[in-house]
Amino acid sequence: MSFYIASSPHHHQRRTTAKLMQWVLIAMLPGFLAQLYFFGWGVILQLLLAIAVALAAESLCLLARDRAPSTGLQDNTAIVTAALLAVSIPPLAPWWIIVIGTLFSIVVVKHLFGGVGHNIFNPAMAGYVVLLISFPVQMTAWMPPTGLATQAPSFIDSLYLFLFQFTSEGFSLEQMRRVDTGAMLDAVVMATPLDHLKTQLSQGATLSEAMQHPQFTGLAGMGWQWVNLGYLLGGLLLLQQRIIQWHIPVALIASLAFCALLGSILAPDYLPGLSIHLFSGATMFAAFFIATDPVSAATSSKGKLIYAGLIGVLIYVIRSYGGYPDAVAFAVLLANLCVPVIDQYTRPVTYGHRKEQG
Amino acid sequence: MNSEYRTLSKDGLWENNPALVQLLGLCPLLAVSGTVTNALGLGIATLLVLVGSNITVSLVRNFVPNEIRIPVFVIVIATFVTLVELTMNAFTYGLYMALGIFIPLIVTNCAIIGRAEAYASKNNWYKAGFDGLMMGLGFAAVLVALGAIRELIGQGTLFDGAELLLGEWASSLRIQLIEFDYPLLLAILPPGAFIGLGFLIAGKNWLDEKKREKLAKAPVEKAQRARVTHVS
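Sequences listed follow chains A and B, in order. Sequential numbering of the first sequence, starting at 1, is according to full-length UniProt numbering. Sequential numbering of the second sequence, starting at 1, is according to full-length UniProt numbering.
A few of these clues could be false.
[Said to hold, decoys possible] Derived pair list, reagent style SDA-like, types lysine to any residue, alpha-carbon separation capped at 25 Å:
1) K217(B) with L63(A)
2) K217(B) with D66(A)
3) K211(B) with F113(A)
4) K217(B) with R67(A)
5) K210(B) with K355(A)
6) K204(B) with H118(A)
7) K204(B) with G114(A)
8) K210(B) with F113(A)
9) K10(B) with L173(B)
10) K204(B) with L112(A)
11) K210(B) with L112(A)
12) K210(B) with L63(A)
13) K210(B) with A68(A)
14) K210(B) with P69(A)
15) K355(A) with C338(A)
16) K210(B) with D66(A)
17) K214(B) with C61(A)
18) K204(B) with D66(A)
19) K210(B) with G115(A)
20) K214(B) with L200(B)
21) K211(B) with R65(A)
22) K217(B) with A64(A)
23) K204(B) with A64(A)
In short, the hints are calculated from the structure, not lab data.
Let the sequences and hints guide you as you build the complete structure.
This is the structure we're talking about:
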């Protein structure tokens, strides 16, 4: 009779990376479905192409590095990277956008730094930043959410737009993005809530004037609030399953909320309030799915609090004073850069030892 | 004598390349390598300054007190930079405007004062001049390679604006290799320079590694086994 002897963390449930990644994918479903409902078929097209490209790139990289592709492909990390990137970009962006982004994420950010577990940056966010900097026009062309759009593109139209940038009847994406604003008879091209606020505020409008736009219903803008609530729900599932710890999401949301409250006390007419910051853009997605990446985040509990708090502050600062309407990707990359320092100074004391006097 | 020149050229162009190995002078390297023309212009300017300053430093090396050699070297370098700057202002005005502050900034290029201090102040003038030539060529080659990569990915062209450097006839040098509807702006922007240089350095190290592996594979003569224990 032989005993199985395992080393110290004696988990009752032995989870593999592949299992964890499966849970992340499952937890993304509510937010993904909300995106699908509000932004149309493009989301699925992006996801499928991203996964295909990610798996192909992953296999080629593993082959080039003399490793068996099968082991690397089974851990699902490439699929998660692809999925995170696919839901971050506008659903009807042309197909080559997601191809370039996924290739950069997998080949440069992940494998050139040493593959799974060695990337210092979050691959999906680095890929997103490359796309955002390189193709600003395509990367900000979000469709108006269903309910505001004058015509919601059908599946066939979405496919045409995705592949050729024109619908089967020859409408361009710009034409498809027009909405009836009600107040004005002219149809205008739609911007995301954060983008809209940024433009209006920079043109001298006050916050309440900017919020007159019909897309601001409920918490933080049509569609977006539901997407955020969906990711919040998925994130709670991850917490409940103990895939992630509470530190990062809580610290990120708390520091962002603190900044937002402070901002709306000091300048209520010029800085968007709490609900906008928490439930618009990619806040919940970042808090539960992006910042919690176990590889590029800080390690210790205290480090995680500092790391996520830093992301929250950076998101607020860049959103309010930077050139881009949303800031999750930049904030996460900047915080990734700080992780080695954070880890250095938050190393937990070994049990039984005293804290070093320094 | 001959082998020394060979070592000098090998060092400057490859083994001890200022941009790929010493990583000196990165500020102009990264800032102006957006197109081949800019890169070539700055590469030639740096080359001229490097050769001139190396020769001059070598000639005056015995008259300069050791304590103030660095200020003297800097003045020599600054003189040559001023010469190059005024020349470019006179003959290639468009390029002069395009490169802007980075021409006077050649003074602060560590590769130049580095060679003055490390080589020219210890060797005679023709060796120092040759060293400057090779180091300058190595620097310019990396600059042009990086410029070509960035221009090709970012605009799909090569030699765009070559007439700024070479005169009117050179406008026909411009080649449109790829037609982009939406160029990859990243390549033209500063991050593209850092990423491109990273790839160039990685490529050089990879080539060196291949060469070393090839050498290592050459059969080694088996050493005679010597018995050291239990000798009876």
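Indices of hints not satisfied (ascending): As far as the earlier hints go, 5, 9 are violated by this structure, in ascending order.
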